[in-house]
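Asker: Those sequence lines, one after another, are chains C and V. Reading the first sequence from the start, the letters are residues 1 to 122 in the working numbering. Reading the second sequence from the start, the letters are residues 1 to 89 in the working numbering.
Read the hints as simulated data drawn from the structure, not as lab findings. This one's a predicted model, so the numbers in the text were calculated from it and none came from an experiment. Watch out, some of these pointers could steer you wrong.
Only some residues are given here: those of chain C computed to face chain V with a beta carbon under 8 Å [as the list claims (entries may be wrong)]:
(1) Ile7
(2) Gly15
(3) Leu19
(4) Phe31
(5) Leu44
(6) Leu46
(7) Glu68
(8) Ile85
(9) Gly90
(10) Met97
(11) Asn100
(12) Thr101
(13) Asn103
(14) Glu105
(15) Leu106
(16) Val109
Each residue gets a CB set at the ideal place from its N, CA and C atoms; glycine is no exception.
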Amino acid sequence: MVFEIIISVLLIIGGLFILIGSLGLLRLPDFYTRLHAPTKATTLGLGSVLLASMVFTYKIEGYISVNELLITLFLVITAPVVAHILAKVGFHHQVKMTANTRNQELVKVARVRGKPQNKIEE
Amino acid sequence: MLNIAVIFVGVILCIALILNLIRLFLGPNTADRILALDTMYINSIALILVYGMHSETPLYFEAALLIAMLGFVSSVAFSKYLLRGDIIE
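Only chain C is shown next, with the shape it has when bound in the complex (with noise of 0.2 Å):
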């Protein structure tokens, strides 16, 4: 009973995050403030259920099984790195933002500078 509890609690917290990830890439309103929502919300939310089946597989099998924690592993480490590299591409593509974004007058300097630089053939 106890680890139904547990379980059912760790479960609905992550699938709320989840949800709310999602709706926040689908509501909010430029590319750049989009970018925040599911890469920390969806990541939580991920890895709250793979605690949920963690705890349930030692209630159905009787050991603990590591498999869930190489994917949190793995989701932790690679979730930033996606997001660096999507808001790389944004930049790089020069998509809006909204009008209220501040130090607007700094993307010119930063795009000439985070340009990627060509191999040296010449």
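Given the coordinates of chain C, assemble chain V onto it according to the supplied hints.
Answerer: Quick look at chain V alone, frame taken from chain C:
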């Protein structure tokens, strides 16, 4: 109680997947579409895990791990293609 919670979370995850799909169709530019696809694979990992809990087998973790790795690689490949015009130089 556990059965109700599992079905409830499954319904929530399906709603989240539909929201991502709307963004995937709607997205004004390609970066938004890649972001929606990235979120969709994370949500489908969660859905596979919940389905594994529903049917009480630990067989689905390998599928989840596989989707996690392939999804990461595909997101990075799309982004590299948009960024440089080439994936492996």
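Asker: Now tell me, hint by hint, if it's right for this structure.
Answerer: Right, here's what the structure says about each hint:
1. Ile7: holds, 6 Å
2. Gly15: Holds. Min distance 4 Å.
3. Leu19: holds, 5 Å
4. Phe31: holds, 6 Å
5. Leu44: violated, 11 Å
6. Leu46: holds, 5 Å
7. Glu68: holds, 7 Å
8. Ile85: holds, 4 Å
9. Gly90: holds, 5 Å
10. Met97: With a closest approach of 13 Å, the C/Met97 hint is violated.
11. Asn100: Cβ of C/Asn100 sits 19 Å from chain V, so the hint is violated.
12. Thr101: At 16 Å from the nearest chain V Cβ, C/Thr101 fails the 8 Å test, so the hint is violated.
13. Asn103: violated, 21 Å
14. Glu105: Interface hint status for C/Glu105: violated (23 Å vs cutoff 8 Å).
15. Leu106: Because about 20 Å separates C/Leu106 from the closest Cβ in chain V, which is outside the 8 Å limit, the hint is violated.
16. Val109: violated, 19 Å
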